[in-house]
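Residue strings, one per chain:
4 protein chains.
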Amino acid sequence: MADTDLQNEDRRQVCFIGLGVMGAPMAGHLATAGLQVAVYNRSRGKAEAWLRAHPGHSIVELRDARKMSTIISCVGNDQDLSDIYLGDEGLLAHLPAGALVIDHTTASADIARQLNSAAEARGIGFIDAPVSGGQQGAINGALTVMCGGQEPHFRQAQAIIEHYAKMARLLGPAGSGQLTKMANQIAIAGLIESLAESIHFATVAGLDEHAVIEVISKGAAQSWQMENRHDSMIRGDYEHGFAVDLMRKDLAICLDEARRNGAHLPVAALVDQFYGEVQQLGGGRWDTSSLLSRFSSRKD
Amino acid sequence: MADTDLQNEDRRQVCFIGLGVMGAPMAGHLATAGLQVAVYNRSRGKAEAWLRAHPGHSIVELRDARKMSTIISCVGNDQDLSDIYLGDEGLLAHLPAGALVIDHTTASADIARQLNSAAEARGIGFIDAPVSGGQQGAINGALTVMCGGQEPHFRQAQAIIEHYAKMARLLGPAGSGQLTKMANQIAIAGLIESLAESIHFATVAGLDEHAVIEVISKGAAQSWQMENRHDSMIRGDYEHGFAVDLMRKDLAICLDEARRNGAHLPVAALVDQFYGEVQQLGGGRWDTSSLLSRFSSRKD
Amino acid sequence: MADTDLQNEDRRQVCFIGLGVMGAPMAGHLATAGLQVAVYNRSRGKAEAWLRAHPGHSIVELRDARKMSTIISCVGNDQDLSDIYLGDEGLLAHLPAGALVIDHTTASADIARQLNSAAEARGIGFIDAPVSGGQQGAINGALTVMCGGQEPHFRQAQAIIEHYAKMARLLGPAGSGQLTKMANQIAIAGLIESLAESIHFATVAGLDEHAVIEVISKGAAQSWQMENRHDSMIRGDYEHGFAVDLMRKDLAICLDEARRNGAHLPVAALVDQFYGEVQQLGGGRWDTSSLLSRFSSRKD
Amino acid sequence: MADTDLQNEDRRQVCFIGLGVMGAPMAGHLATAGLQVAVYNRSRGKAEAWLRAHPGHSIVELRDARKMSTIISCVGNDQDLSDIYLGDEGLLAHLPAGALVIDHTTASADIARQLNSAAEARGIGFIDAPVSGGQQGAINGALTVMCGGQEPHFRQAQAIIEHYAKMARLLGPAGSGQLTKMANQIAIAGLIESLAESIHFATVAGLDEHAVIEVISKGAAQSWQMENRHDSMIRGDYEHGFAVDLMRKDLAICLDEARRNGAHLPVAALVDQFYGEVQQLGGGRWDTSSLLSRFSSRKD
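Chains G, E, B and L, in that order, give the protein sequences.
Residue numbering for the first sequence follows the UniProt record's numbering, beginning at 1 and increasing consecutively.
Residue numbering for the second sequence follows the UniProt record's numbering, beginning at 1 and increasing consecutively.
Residue numbering for the third sequence follows the UniProt record's numbering, beginning at 1 and increasing consecutively.
Residue numbering for the fourth sequence follows the UniProt record's numbering, beginning at 1 and increasing consecutively.
Just so you know, these hints were derived from the structure itself, not from any lab.
Hints may contain errors.
Copies of one chain are not kept apart here, so a pair can be met inside one copy or by any two copies together.
Below, computed lysine to any residue pairings styled on SDA-like, alpha-carbon distance capped at 20 Å [said to hold, decoys possible]:
#1 Lys46 with Ile139
#2 Lys166 with Ser117
#3 Lys166 with Ile139
#4 Lys46 with Gly262
#5 Lys46 with Asp256
#6 Lys218 with Ala142
#7 Lys249 with Asp110
The shape of chain G in the complex, shown without the other chains (with noise of 0.2 Å):
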C-alpha cells in the first residue's frame, strides 16, 4: 500500500504513546480539534485519567497500534522509543506501508536516525519532532516543535501538529529536530548559570534584586529567563518550570553527540555538573533556574 493510498480519512484516527505532563495536553488538543484519538501509557491510570476527560475516544494496546496509519509518540528516552518501535515485536515492523510515525520525545539524534532508517525500509515516514515550550507550552497549544526527516513527511505531520504549536519547522533529514533541540538546551544553560550568578551577585553586594533586574533587561543582558524567571529565582522558589532531572538527561544527550561531532561544550558540561549539585541539593524536580540554589543553599 503506497503512501498515497491511505485516506486522508484514515489521517484522523492517530494513536498517541506516552501520557505524561506534555503528551497528555497534547493529545488533549487532538481529540478537542475532532480528530479520533486512541491513547496508550505505560502504567494504564494515566490512560484512563486522560479517557474520563476525553470521553469518546480509547485506550489501545501497543499491539492494536499496529494497524493504525498515525502514530504521535512523546515519551521518556532512547530506551522507551527502542522498546516501542524497534525489534521484532516493535511498531515499525508492523505498521501498513504508507503510516506516519512522529516522535516529539527529546532523544538522540542517533535514535532519531535508528528508527528513520527501520521506517524507511517499510515505507513508512518519520518525524523526529522535540518541542520547546514546557508543560504550560503543552496546555495552551503554544510548542515549538523542531522537526527532522523529509519534506512530504513533514508536510503530513503538520497537519496534526498545528494543533498544538505555534511553530513547526523542519530544519533537516532524521536527527535534525534533535540536534536543534540540542542547541536550544545548550544555549540555554550557560545563560541560566550566568543569570544564577548575577542575580547573586547583587544580593550579596545589598542591591534590590527586582530594581537591578528591571534595569539590566532593557539591554543586552535580556533574555527569556532574565523576564520569565527572576521574579521566582530571588524567591528560591522552584517548584515549576522544567525539572532539573530532565535537563541532565538532555545535556547528557548534548554532551553525547558532542562527543561524536566533535563540538566543544566547555560551560554546558560544568553547568551539568552544576545541575548535580542541585540534584545533591534534592532538586531534581526544581525548575532550571534553581542553579541559584547552589549559592543561596550556603547563605544561612
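Based on the hints, put chains E, B and L in the right spot on chain G.
Leaving out everything else, chains E, B and L in the frame of chain G:
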C-alpha cells in the same frame, strides 16, 4: 555656599570630561539640548574634533573646571578617576560646595565610594552612573543609566542624564550604579558563551544555523544577544559592538568585587579566561560575541 | 564441575583475548613465564605477529576458547566485552563451571557487573582488572592492577597477574576495579591541566621553564606527571604515552558513572572538553600531557 | 660606600621584619646560627614573644632599621611592602648603599620590580624570595626559596637563606621569584581539585578511599598532595597546612599577572571560585585540601 544657592542657570553650564566613543556623543546630546558644554579630553585632538562638530561651545583645562558647578565624566578606569578627582590637585578639592559630579565611567564600587566620600566632605553631590547600551545607544541617546548616590543628587542628575538616556534609575547609595553594571556584565558573560557553544554545535552538527536560531529564539533560549548577534556570529564578523578588551576590564572589576563581597562567579571567571584566548587570537577589539572565534579558529 | 575440580594444571593453559599495545606484551609475559598461551585477536594479523614472537604457543578462534578454564581479555570497550562474553554465543554461556575470567579492559562498572552476574550464574569466577602503567608498564611487567570481584577468584587471578604486574589489589565486589581506575583518571585530568597552565604561565612570564620545574617539583606542587612529563611538554613533544582519544573514552566512562552515582566532577568535565580541543588540533593520539598544546598552538 | 665596603662583620647583623607563622621560625634559625637578629613586627606582642624565645637579640622600630645593612622581610602583601620600603619614609630611601634586602613575602612581580628599582637607584641590593614548604618547612629550616634579582646579590643572600632553606635558586631578574611562586600555586590549584574529585568519587562509589589511594598513588596520578593530604582529606580534617584565605590571595596575584602577561588559566580561575565557596563554608583558615568539603558538606 549651600546646594540651593546654585542657581538653575548654573546647571545650564556643564563640564564634560572624556570624549571617547561614548562620551563624545553624550556630550553632543547636551550641546544639542541647549546646555553650554565645556569639554576636556586628555588628548586634546578629540576635544578639538568635538568642538568643530559643536561650534559655540568650549574646550577647558582641568584646572579651569574647578569653578564649575556641574561635572560629568566618562573616562577609562579607576586610576583616571583618581587622577582627575582626588588628591590636593583633584577637582573634588576645589569645586564649589553644591556642585554636582556625575560619573559615567565603568569602574569599581570602591572608587565610587571614595569619590563620594571626598565629595560629601565638601558638600558636593556625587552620582556614580555607569551606562549600558553601547556606542549605538550613546549616539541614539538611548542609554540605560545605573545610578548610585543620594536621592536629591539623583534628581538633579536626571535633568542632565535624560538628554542621552532612555532610562535612568537610582539603585542605592554611592557605588550601587557600579554594582548594578557588574551584575549586568556577569549576566552577559556566560550567556554569550552559551550562545557561542550553541551556534558552534549547530555548525558541526551540519544544521542551518540561521534556521536553528529562528526556531529556538522563540522560546526559553531567547536573549537579546541571540536576536541581535547571531547573524554576525554566524558570519564570523566581530568588527563592531562592545570590545573584548573592555569586557575583560569590566570582568576584572566584577571578580575583584566578588573577592571582597564573597559572591561566587564560576562561569564568569571561566569565560573571562576564554576572552583572554580571544585576545590572543587578535580579538581585543572584537565584539564580545567573538567567544565563538575560539572554536571556529580551529576549524581550518 | 566445582571450582576445586579444576586441576592446577588447567590454570597453566590460558586464553588471552586482545593483543593491542597493552595486551600483546602482557600475553608475552605469560608465555615467557612458562604458561601455555592461546591468543585471539579480532584482526588476525596481530595474533600472527604475536605468535611469530612467541613460537610454540597458538592462535584460537573465540569458539575454541569456550572449553578453556582461564580467559584473560584486554579489549577496547563495553561493546567489545558484550560481544565476546554475553548472549547465547558469548563465552560465558559456554565456559566450564569453575573457569576464571580476568578482564583488563578499562570499561564501565556496569558491564563489569553484567559480566559478573552472567559468570556467577554458571559458576564461573570473574575479576574486573583494569590496569595503569601504560604501554611501558606492560612491556616491563610493572603494571598496577585494580581488581573487583570475590576474594577466592582474586587469589586465583593473582597467580596469573603477577607475571606482568608490580601490584595487584582487590578493592571490592565486581566493578570495583573499574571504579578505582575511574578515580585514577579523575585525579589525573585536572592535575595535567594545572601542570599545563603552570608551564604555560612560566613561558609567557619569560622564565626558564626547566629551572621553574626543578624548583617547584621539590614541594607541594610535585606530581608524577610533573617529574615525568615536564620535559616533553616544554619541548612540545607529545608522540608518546597515553593517548588523548583513550583518555576521553575513560573520562566519558567516569562522567557517565558520576551521572548515576551522584558524584560531582566539575574540573574533570571541563578538562574532558579541553581534550576535545586537543583532538581538534590533531592530537587524538598525543599523550595526555598535550593539554598544553591548546595554549601553545596559539603562540605563533 | 660601595658594596665591597660592607664588612663581613656587618652581614652578621640582620633586621628581620614580620614574625608571622613563617617569619618567626625563620628569624629563629638565624639567631640559632649565631647571627645577631633585630626583629620588628607591626603588632609588638609577637616581637616580644620571639625575643623571650631568643634572648640576647633585640627588638627595633622600623626607623632604627634604616642604618642596618641587611634587611629580611616576610609580611602580608604588596601594601605592607609599599608601606615598609617605599616613599620618603620607606626603608629604601634611608638604608646605606651596599645594603641588601631579601623579601620572602609572596606578593606581585610588580611590587618586586618597584622595590628593586628603588633599591637600585640607591645602590642597594634586592632579592625577591618567596618560599614554599609551609610552616613545617619554616620550623624545620627546609624551605624552598625562589629568587629573583642579580647574581651577586643572590650570592650574598644565599649565606643567610641557607640557614632555613633546603634549596634556593636564582630564576631571573627581579620579580622572577614571585613569578615562579605563581607557577607553583597554579600547578597546585587544579591538582588539589582533581584529587578532591577523585576521593569524592571513590566515596560515593562506595569504595574504601584509603585502599584506592594506596593503589593509584603508585602511578601516573601520584602527587605530593595525594601522598601527604589524602588521609586528612578522607577524615575531613582541614585544621592544618596552608590556609584557603592565603591561597586565594596568591591566586588573585596569579590571575592578575596573567591578565597582564596574557597567560590562560581557566582551571586556576575556576578553582579560585571554588575556594570562595570553601570560605563561605567557614573554611578560610582550612588547609587548601579542603576543596573536598564543597562536596562532602552536602552529603548529610
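Consistency of the hints with the structure:
1. Lys46 with Ile139: Within one copy only: 16 Å inside a chain, 59 Å across chains, cut-off 20 Å.
2. Lys166 with Ser117: Neither. Shortest intra-copy (29 Å) and inter-copy (50 Å) distances fail the 20 Å Cα cut-off.
3. Lys166 with Ile139: within (12 Å within a copy, 37 Å between copies)
4. Lys46 with Gly262: neither (40 Å within a copy, 30 Å between copies)
5. Lys46 with Asp256: neither (32 Å within a copy, 31 Å between copies)
6. Lys218 with Ala142: between (26 Å within a copy, 11 Å between copies)
7. Lys249 with Asp110: This pair counts as both: shortest intra-copy Cα distance 15 Å, inter-copy 18 Å.
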